[in-house]
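K.L.:
Using the sequences and the accompanying hints, generate a full structural model.
Chains A and B supply the protein sequences, listed in that same order. First residue of the first sequence: 339, per our numbering; consecutive thereafter. First residue of the second sequence: 10, per our numbering; consecutive thereafter.
Hints listed in this document are in silico derivations from the structure and should not be mistaken for laboratory results. Quantities reported herein were computed from a predicted structural model and do not represent experimental measurements. Every residue, glycine too, gets a C-beta built ideally from N, C-alpha and C. Please note that the accuracy of each hint is not assured.
To be verified - Reference listing, derived: stretches of chain B covered by chain A, where coverage requires no fewer than 3 residues with Cβ under 8 Å from a Cβ of chain A:
#, stretch
1, 83-93
2, 104-115
3, 216-223
Stated by the list, open to error - The following residues of chain A were derived to be distant from chain B, with all beta-carbon distances above 12 Å:
#, residue
4, LEU392
5, PHE401
6, ALA408
7, VAL461
8, VAL483
9, ALA543
10, VAL627
11, ARG636
Said to hold, decoys possible - The calculated label-pair distances, taken between Cβ atoms and stated as ranges, are:
#, chain 1, residue 1, chain 2, residue 2, range
12, B, PHE169, A, TRP379, 35 to 43 Å
13, B, GLY115, A, ALA543, 27 to 35 Å
14, B, ALA83, A, ALA549, 48 to 56 Å
One letter stands for each residue in the lines below.
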Amino acid sequence: MSIIAVEPSTADQEPHDEASDRAPRTRSSSSTAARWLGSHWVLAISVTVFSVALLWALIPGAFTHYDPIAIDNGLKLRPPSAEHWFGTDLLGRDLYSRIVYGARASLLGASIAVAVAVVVGSVLGAVAGWFGGWGDTVLMRLIDVLLSIPGFLLAISIVVLYTARTGHAGLVPAAIAVGLTTSATFARLIRSEVLRVRASNYVEAAITSGATTFAVVRRHVIPNSVATTVSLIAVQLGIAIIWIASLSFLGLGAQPPEPEWGLLVSDGRKYIATRGWLTLFPALAIVAVVLATNNISRHLSKRATR
Amino acid sequence: MRTYILKRFGQAALVLWAAYTVSFLLLSALPGDAVHNRIQNPEAQISPEQAQVLIEYYGLDRPLWEQYGSALTAAVHGDLGYSLTDGRAVTELVGAALPSTLALTGLALLFGVVFAVLIGIVANYAPWKSVREVVGSLPSLFGSIPTFVVGILLLQLFSFGFRLIPASDDGSFVALLAPAVTLGILVAAPLAQVFTTSIRSARAQPFAHVLHARGAGQVYVFRRGVLRNSSMPVLTLLGLACGELIAGAVVTEAVFARPGIGQLTVGAVSTQDLPVLQGVVLVAALAYVTVNFVVDVAYPFIDPRVLVNPKAQRRSGVNTKASAGAADRELAALPPLRVPRRLPVEMSMP
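P.N.:
In structure tokens:
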């Protein structure tokens, strides 16, 4: 995933802010790193949180040895302890293990949603921006309409449609529904990026010297739109995590016994008065990861506009 | 002015029609016998007479465009079809659910705007840098907490923890507070974000420097120049946020077990009652369109230049041209130039 590409180690090679510009040139690399961390500690924490969530999703077995689904009636509703860091749920399942494995469902869902949104949105936006004319007008009006229906309601409608056809809800249809509804945002951004790049001198020069439309899009438009798109991807990843968790919370996304963060909060709710940790820990996981993606996105968009 | 309003009204009607068409197409994408299936479902409380009416009403034996034509005509006349679970009219169901949701979303919008204004002002004008930074990061935090988590925490804290408010809706105003704050936080996040940045960019504009140089204080500059310039993008966003309010109400009402559009939606979802769902989507689109129409009509009163070139103003929000006009007006209203007692921070730039 492209977000991971921005890690402190690669980013600290160039001066970032006024503080490091003013610093004397003769400095050791370790003090540079320390100074970078001092001014970018929020970003460093965000990248760390996101990386941990990503590792949880990729290799959950490395972080916990408890089965997230197997039921153990002897361990019902235990409070957090040394053996069970986040306690256990009603069916005696280790909550920490369920959150670790839940990262897979949440991040996979969000990735599918964003992938769908990027592909659909890029194609629509690029076609509209590049060719213009009545096609552009029709597409943009269509996107206005899509934006006038609250996205979450539209996602719910699509999920219901899927459920009516197949008889069951699921994580993947919920993710695709979220992706389709958020694709309008990407279409708008890509269109404006295409229009911006298209008006530039180098594109004009490329067209004049005989480059095909495809070549210009591939060589100029896409590379020049990447920076802003990646920053939108990061922020949409956070939004998708929230939406998918909310759909699961309403019973329209992941189905039990699959560990998914929204579902975990929904399960824990019944015991919030006496066993608050069952709600609090999965909720914290969602908030931490979404905050991290938002911070990374803000940093990326700052870099894009610099 | 009149052509401007007419144009906006036409656009609103067009968007509403298109939203109806999209939701109709979604409904028709169902497997063809979905309506029959629902009616024949033994759990559905529909009498044979009602069933006959429904089958004729939806005219499933007719081609799609004919169904669309009759449905659209009916919708224009205020008939949104009938629920597939109990055969009641969708307008009746929506009408019964609407007041509760309107009270919730209205109060939530108020809370959202108040939060956003407070955050925007404190994040820009607080005398301590740490306070500005902490408050400035609140919108990002608000936006990162799912609504259902905010709701659960507030419910736990105020209903079960402090026992300040009833845990379920008893129709009182106090019971409305916690859900409204929950939903308000959802709306406040983007509003506060935009308000904070647009105050910042408005303060950095030449007219603000000129006003400061002529001895105007922070409060005067904010009230006379910065506020108007920075409220334009917020107003645009407010229109967009209203659609999301209804979607947010779905989650909020589910958490607080409140009756309303949200509960109607969740019920319709669990029984796959698509006419009701379509009605909800249409109501949400209607709310969005209405609020955006009002916002569009309000623009010229805040910024008369909109009438000259509406598109440019809406897209760019705070722009540099805006400052020129504002500066001229503000200068005329000011006392003659005198030496400022203290240079504003911005003036220390080269």
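K.L.:
Each of the hints needs a verdict: does it hold here or not?
P.N.:
Structure-based check of all given hints:
Proximity of the stretch 83-93 of chain B to chain A, defined as three or more residues with a beta carbon under 8 Å from a beta carbon of that chain, is not established by the 0 residues found. Requiring three or more residues with a Cβ within less than 8 Å of a Cβ of chain A, the coverage given for the stretch 104-115 of chain B is violated, as only 0 such residues are present. Coverage of the stretch 216-223 of chain B by chain A is violated in this model, with 0 residues showing a Cβ closer than 8 Å to a Cβ of that chain against a need of three. No Cβ of chain B approaches the Cβ of LEU392 of chain A within 12 Å, the least distance being about 17 Å, so the stated non-interface status holds.
Here PHE401 of chain A stays apart from chain B, with its beta-carbon at least about 23 Å from theirs, past the 12 Å limit. Even its closest Cβ contact with chain B, about 27 Å, leaves ALA408 of chain A beyond 12 Å, as expected for a residue assigned away from the interface. For VAL461 of chain A, the shortest C-beta to C-beta distance to chain B comes to about 19 Å, beyond the 12 Å cut-off, and the non-interface label holds. A Cβ of chain B approaches the Cβ of VAL483 of chain A within 12 Å, the least distance being about 4 Å, so the stated non-interface status is violated.
Every CB of chain B is more than 12 Å from the CB of ALA543 of chain A (nearest about 28 Å), matching its label as outside the interface. For VAL627 of chain A, the shortest C-beta to C-beta distance to chain B comes to about 9 Å, within the 12 Å cut-off, and the non-interface label is violated. Here ARG636 of chain A does not stay apart from chain B, with its beta-carbon only about 8 Å from theirs, under the 12 Å limit. The hinted range of 35 to 43 Å is satisfied by PHE169 of chain B and TRP379 of chain A, whose Cβ atoms lie roughly 37 Å apart.
One distance hint, 27 to 35 Å for the beta-carbon pair GLY115 of chain B and ALA543 of chain A, is violated here, with the actual separation near 55 Å. Roughly 54 Å separates the CB atoms of ALA83 of chain B and ALA549 of chain A, a value that falls within the hinted 48 to 56 Å.
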